[in-house]
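Visitor: Sequence:
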Amino acid sequence: MSNNQLSILIVEDDLSFGLELKILLEEIGYEAQHLIDNGEEAYDFIYLHRPDLVLMDIELKGDMSGIELGQRIISFDIPIIYITSFCSR
1 MSNNQLSILI VEDDLSFGLE LKILLEEIGY EAQHLIDNGE EAYDFIYLHR PDLVLMDIEL
61 KGDMSGIELG QRIISFDIPI IYITSFCSR
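With our numbering, the residue at position 88 of the sequence shown is 88, and numbering never jumps.
Calculated from the structure, these hints are not laboratory results.
No residue lacks a Cβ here, since even glycine has one placed at the ideal position from N, Cα and C.
Please note that a few of the clues may not be correct.
Said to hold, decoys possible - Using C-beta positions, here's what the derived DEER-type ranges look like:
| # | residue 1 | residue 2 | range |
| --- | --- | --- | --- |
| 1 | D63 | Q5 | 28 to 38 Å |
| 2 | Q71 | H49 | 16 to 26 Å |
| 3 | L53 | L15 | 12 to 22 Å |
All chains should be built: construct the whole structure from the sequences, respecting the hints.
Guide: Shown next, in the form of C-alpha cells:
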C-alpha cells in the first residue's frame, strides 16, 4: 500500500460533484472508495469502517446535516474536511 492509499469517504448530496471529486482524487493518486449522499448512512458507514479521512458537504440529504454528522463523529478522531457550494457575501 502506498502512502496515498488512505481510506477516504466522500459525503456529498450532489452525486455528480461527488463523482468529480472522486475522479480528481484518483488523478492525484488517492483512492476514494465510497461516496454517500446522506448523513444517516454516512454515520453508519463511519461507525463501522472508520475511514482515515472524511470529505463532507455541509448540506446533505436526509435529516442530518454535515455539521450535525461532524459533531456526532468527533469522538472517532477522524479528520473532516468540510466542502460546500455556499458562499457568503
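Visitor: Look at each hint and say if it fits the structure.
Guide: Hints and how they fare:
1. D63 and Q5 have their C-beta atoms about 33 Å apart, which keeps the hinted 28 to 38 Å range intact.
2. Separated by about 19 Å at the C-beta atoms, Q71 and H49 satisfy the suggested range of 16 to 26 Å.
3. For the hinted restraint 12 to 22 Å between L53 and L15, the CB-CB distance of approximately 19 Å keeps it satisfied.
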